[in-house]
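So you can see what is in the structure, the chains are spelled out below.
Protein chains: 2
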Amino acid sequence: MLVIPRGFKFSGISCGIKEKGGKDLALIYATQPCVACGMFTQNKFKAHPVLIDIERLKEGEAQVILANSGCANALSGKEGKEDALAISRQLSSLLGIKESHLLLASTGVIGKRLPVEKINKSLPLLIEKIKEEGVGDAAEAIMTTDTFPKIYFIETKIKGRGKKSIRIGGIAKGAGMISPQLATMLCFLFTDACIDREALGESLKTAVEGSFNRILVDGDMSTNDTVIALASGLARNPRIKTDSDNFPLFAESLTEVARELAKMIAKDGEGATKLIEIRVKGAWDAKDAHRAARSIARSPLVKTAIYGGDPNWGRILCALGQVKVKFKPHRVILKIQGIKVFENLEPVIKDRKELINKLQEKKVLLEINLQHGHHRTVFWTCDLTEEYVKINAHYHT
Amino acid sequence: MLVIPRGFKFSGISCGIKEKGGKDLALIYATQPCVACGMFTQNKFKAHPVLIDIERLKEGEAQVILANSGCANALSGKEGKEDALAISRQLSSLLGIKESHLLLASTGVIGKRLPVEKINKSLPLLIEKIKEEGVGDAAEAIMTTDTFPKIYFIETKIKGRGKKSIRIGGIAKGAGMISPQLATMLCFLFTDACIDREALGESLKTAVEGSFNRILVDGDMSTNDTVIALASGLARNPRIKTDSDNFPLFAESLTEVARELAKMIAKDGEGATKLIEIRVKGAWDAKDAHRAARSIARSPLVKTAIYGGDPNWGRILCALGQVKVKFKPHRVILKIQGIKVFENLEPVIKDRKELINKLQEKKVLLEINLQHGHHRTVFWTCDLTEEYVKINAHYHT
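Which chain is which? The protein sequence lines are A and B, in order. Using my numbering, the letters of the first sequence correspond one by one to residues 222 to 618. Using my numbering, the letters of the second sequence correspond one by one to residues 222 to 618.
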């Protein structure tokens, strides 16, 4: 049973944007205006829905998110903006809510126009279908090359008066164009916590930093990456502010939800067969830890070796050595699947067969200890397979 | 007919380093000590031959290069250094030249020990076989996953007294772990020009900047990348110094040779079917031009789209927009194969079929005009195919 935060309803239908069919239009509906925050792609070419949301979120309130897959509405010219606004107007009038309370998100092929008429015609059905349990349909409707919908919900008891429980959850999509610079996919987070805008914004930053900024599929940053958080307040807890006792707890819980969704995205990278977790410790500072982990996560040679179940550990150290990270080569220790493979500048594998066997597992753990400081990080990526190439060589046509 | 620079002989044989057989040991032999310069990987984990060469080149003279494929002699522990020195001692005594005049280079799997005995036993045959026409054998013996040997030689008339001709040439290997940070593969350049060390060093910097620093296969920087230039002086031209009239001409010629070899490396990237040339102009400064070109060259989504002959131009702009480069999105113009596809933030493709047809060609040209300054660059890469994944998932085992 999913513990849907109070005050949220969802629906997802097929309206014909995706040529191959399948759900492609999602509605996330709050029963009343929510405190709202967003984080968006840092790509200079931003999709129209991203530009519209950035503008609308300045007020810090929103009630509805309309998201589509199959068309990114990015680099689609001035008409692309008109398309988005025409849909927004129609939805706003059907729901009777302010346009500024309505957010948009699109994902799919870049440079294509949205089929406005198809979408607008489908809005009444989409609205009719909203319900709490519609979250699965909504998660499915934002999928592109994802192989499974990404949904995660938790319930947490908070401290103080009445020991209220708050609920936090989210849905996300990922698969390709995944690189950890701010928000890097679509993710919608919901909570019924009563929280002010600043505290929600700060929590979202922490959550994104600890989740989506630590995953990478192919290192490409999309034009459409969007993370939006809505808080309905219906848990009726004492309002959480940045100086509240419950603020760290809330931020942690939001991070947990975001991290689980992020790991699902990494695991479901285009063509992926394995989830790779990279733990770096002993780094001089947080940036060094991040840079080291990211360079390994991005290396096609590391990713293909892990796909092949090949204990080619030299590629991991090579990827580490190629970025500007402070460390002394002779102090570096590398473990793969818990087995020490390199220390004191010497290969130290005792049982190569055991290592090869452990590399067959669906989750591969790489641990790097730089022994140069006290900072650490965790990063997630996936292997690189022929299937990734197949998917992306022919995605457009 | 190759115009081999006067004073150079070569050989290449199979000595059993490569498990699958094939030539794997190359000797480059100058009949007398040469002015010598080198540029090496910036990876913190440097292979033993790289560390040895850096030390030996401090004197600025060298006469012989011994190179092997099949084993990188990198991250191979203290024994790896001993292995390299044992081979060096043996070769030095056989040839009767100073050890400090002998350079080493290795390429292949990281973390493996060199078969010292096999190599030392093969040295007499390797020496016996040296001849001018041996350059093809030497180029073949440094190949790993390369599909063709990379050789390029030119002859140039220089200005002044007697209008002497000088010859410049080189051999190179590439294929995987190719990323443009300094020298990123093995390349040996030879000239019979009479040139002093400073002028040779400056020319080499220019040449590497305009060639190997502008190619990228997978973005991984090897532990073994090496570019060495040897100048025999046997052209008997007036010695070229950095303030000579002939200095720019020499640097340009060396750059030409390096660039042609670099393009061969990009074209022959692991699994590649197409050479991609990326021209960026209108950049604010040289760094911006480089960053923009490199981001596009590195993007797996761009590389797979081109492999698939898919005019998915949005991915090119997306790769451009994700790096820190100064430009205004509305001023960017993108051409593919000479056809304008994007301008004024609008897609402007008139004939999609023509574009698709032109993308079938073996060479694909991407032109980006940022219209934000006066700097430009050219960059080369290759497409990303299933074959790249196949090669690298199972290279080790």
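No wet-lab data here; the hints were simulated from the structure. One or more hints might be untrue.
Since the list can't tell identical chains apart, any single copy or any two copies may satisfy a pair.
Here are the computed lysine-lysine pairs in the BS3-like style, where the Cα-Cα straight-line distance is at most 27 angstroms [claimed, not checked]: (1) K333 x K571; (2) K241 x K574; (3) K279 x K265; (4) K342 x K584; (5) K384 x K583; (6) K342 x K239; (7) K462 x K241; (8) K380 x K302; (9) K319 x K549; (10) K484 x K299; (11) K545 x K508; (12) K495 x K611; (13) K339 x K571; (14) K426 x K545; (15) K380 x K502; (16) K611 x K239; (17) K239 x K583; (18) K508 x K378; (19) K333 x K549; (20) K350 x K384; (21) K378 x K302; (22) K462 x K265; (23) K574 x K333; (24) K384 x K561; (25) K579 x K547; (26) K574 x K611; (27) K545 x K574; (28) K279 x K299; (29) K583 x K561.
As the structure is a prediction and not an experimental result, all values here were calculated from the model.
Hints that the structure is at odds with (numbers, increasing): Violated hints: 4, 5, 7, 8, 9, 10, 15, 17, 18, 20, 21, 22, 24, 25 and 27; rest satisfied.
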